[in-house]
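Asker: The listed protein sequences derive, respectively, from chains A and B.
The first sequence begins at 8 in the working numbering and counts up by one.
The second sequence begins at 45 in the working numbering and counts up by one.
One or more hints might be untrue.
Partner residues are not named here, just some residues of chain A that face chain B (Cβ under 10 angstroms, in silico) [to be verified]:
id, residue
1, P51
2, A53
3, W100
Hints were generated in silico from the structure; no laboratory data involved.
Here the structure is a predicted model, which means the values were calculated and not measured.
The C-beta atom is built at its ideal place from N, Cα and C for all residues, glycine as well.
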Amino acid sequence: ILNVEQSPQSLHVQEGDSTNFTCSFPSSNFYALHWYRWETAKSPEALFVMTLNGDEKKKGRISATLNTKEGYSYLYIKGSQPEDSATYLCAFWSGYALNFGKGTSLLVTP
Amino acid sequence: GAVVSQHPSRVICKSGTSVKIECRSLDFQATTMFWYRQFPKKSLMLMATSNEGSKATYEQGVEKDKFLINHASLTLSTLTVTSAHPEDSSFYICSARDPTGPFTEAFFGQGTRLTVV
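Bound-form chain A, shown alone (with noise of 0.2 angstroms):
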């Protein structure tokens, strides 16, 4: 089992407020790392596949870094709102199937 950690466990922000987050993973036969959003009672849905070091992906407030050599890639989201409150995921691409952090659970209030 590769170790796929997240952190913080759970967040609670402001709306307004920016945050991030981090997943550390292992560095060595590095393949891709996943970033996903799941709401409660959906299923979890994809942000970024991303697979080079030093990438940076971005989609709209939501951006994500990664750093292959050190093993970890930080998620930010820019101006919180309460619709982004989710468990956020991060998944180690082991070449035949992704292997999971706990996450991080978002709690954004108005």
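Since the structure of chain A is already known, use the hints to place chain B on it.
Answerer: Structure of chain B alone, referenced to chain A:
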């Protein structure tokens, strides 16, 4: 985007009975599907990899005779929890990747909450 449909979303069964969970890829052919299980406050843990037309590959510690996986077509994989016991109560979710590229995202079913009483 691609859709994966999982059914049922919630099931309660008696101890000793079997439960079948279906996972369908609706608009792409999935040669491989993955089955995960999540216990409270834990990560999604890979149980097995379902391969169309061949035997599933089980992760260490997952009993293949208890969790029967069938992937008879390119769009359907089933997980049967046989002789279920209360400790099998968990959240089960399937996923599939569109196999057209090596680094494509995974698509997930809605998950199945199994409660064994």
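Asker: It remains to establish, for every hint, whether it holds in the given structure.
Answerer: Results for each hint:
1. P51: 5 angstroms, holds
2. A53: 3 angstroms, holds
3. W100: Hint on W100(A): holds, closest Cβ of chain B at ~7 angstroms, below 10 angstroms.
Hint check: no violations occur; every hint is consistent with the structure.
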